[in-house]
Amino acid sequence: MVCVVVEVLGNFEVWRRSSVRHPFGLARAEVLTGFAMSVFLLFGGFDLISHNLKHFLEELGDHESHHSHPHERVSAGTVDFVAVAAIATSIVSAYGLKNHARISKVMRVSYLASLPSVLSNPFHFLTICVSLLIAVLPLLSITLYTWLDRLICATISVAMFGLGARLAVAQGLMLLMSYGGHGGNAGVSSVLREIESDSSVTRIDDAQFWQVHYNLCMANLKLSVVKGYDEASLGKLRSRISSLIQNRLGEGYGTGGNMRWEVTLEVTTDATS
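For the sequence shown, my numbering gives the first residue as 3, with consecutive numbering after it.
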């Protein structure tokens, strides 16, 4: 629902228009909402883990639950219908609506990057894999059914906790005006070293990198350059640095990515050069 609302509101100019109260538009509201959802995902994972642990301890000590209720075995046709519906919904969500695309890009799960687009997103990957396993559960024996059911429940709880924690960290860094994106601190350090290696730059006095929202990052640099630099040379220097940051930390020009870097440079002349 949140993804649909964001996609609809993103078509309006007010979503991207800057104001005194919202200098980056309303796009950061999506980050705040996503952070709240990731915390909810964390608590959901904790809840499932606690339930699994409680049932395990009850069976380990041969104790019966105080809230036990008889459960009927679900028919294979009902389970198959639910599993197929979940898989179809994930495919439509991935290819048709492109939901979770920005969230998946923020998480950057490297070990899923080589898979097809629908599986490179951890949310779609888990939904499809678990749905396929659930579809075959009614065909198994009672003993195997019970153990596989517990295994699936444990996998879902751990996945909810892991994805929620990773997503909360990524979105928390955005809200704290920090940068933890492509390359992280190592990528930023590499860019700064290359800028300092330029013959016209004597030193970097200040550098701030941070991610505003899913599609925008900012880099604010204060540089000291050698004497004798005219406006044309400074313009070329700004262009080189902007291209370097976009290609190293962003997705590069012409790659079809949506990550954009806004680079501001404050240039002073080094009196000692």
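Please note that a few of the clues may not be correct.
To be verified - Straight-line C-alpha distance at most 20 Å; calculated EDC-like pairs for lysine to aspartate or glutamate:
1. Lys224 x Asp151
2. Lys224 x Glu268
3. Lys238 x Glu268
4. Lys224 x Asp200
5. Lys56 x Glu15
6. Lys229 x Glu264
Quick caveat, the hints were computed from the structure, so don't treat them as lab data.
Each hint tested on the structure:
With a C-alpha separation of about 58 Å, the suggested pair Lys224 and Asp151 falls outside the 20 Å cut-off, and the hint is violated. The hinted pair formed by Lys224 and Glu268 meets the criterion: a straight-line CA distance of about 5 Å does not exceed 20 Å. Restraint check: the Cα-Cα separation between Lys238 and Glu268 comes to about 14 Å, which is no more than 20 Å; the hinted pair holds. About 14 Å separates the Cα atoms of Lys224 and Asp200, which keeps this hinted pair within 20 Å; it holds.
Using a Cα cut-off of 20 Å, the hinted pair Lys56 and Glu15 is violated, with the two alpha carbons roughly 51 Å apart. Between Lys229 and Glu264, the direct Cα distance comes to roughly 26 Å. Violation of the 20 Å bound is thereby established for this hinted pair.
Hints 1, 5, 6, counting from the list given before, are not met by this structure.
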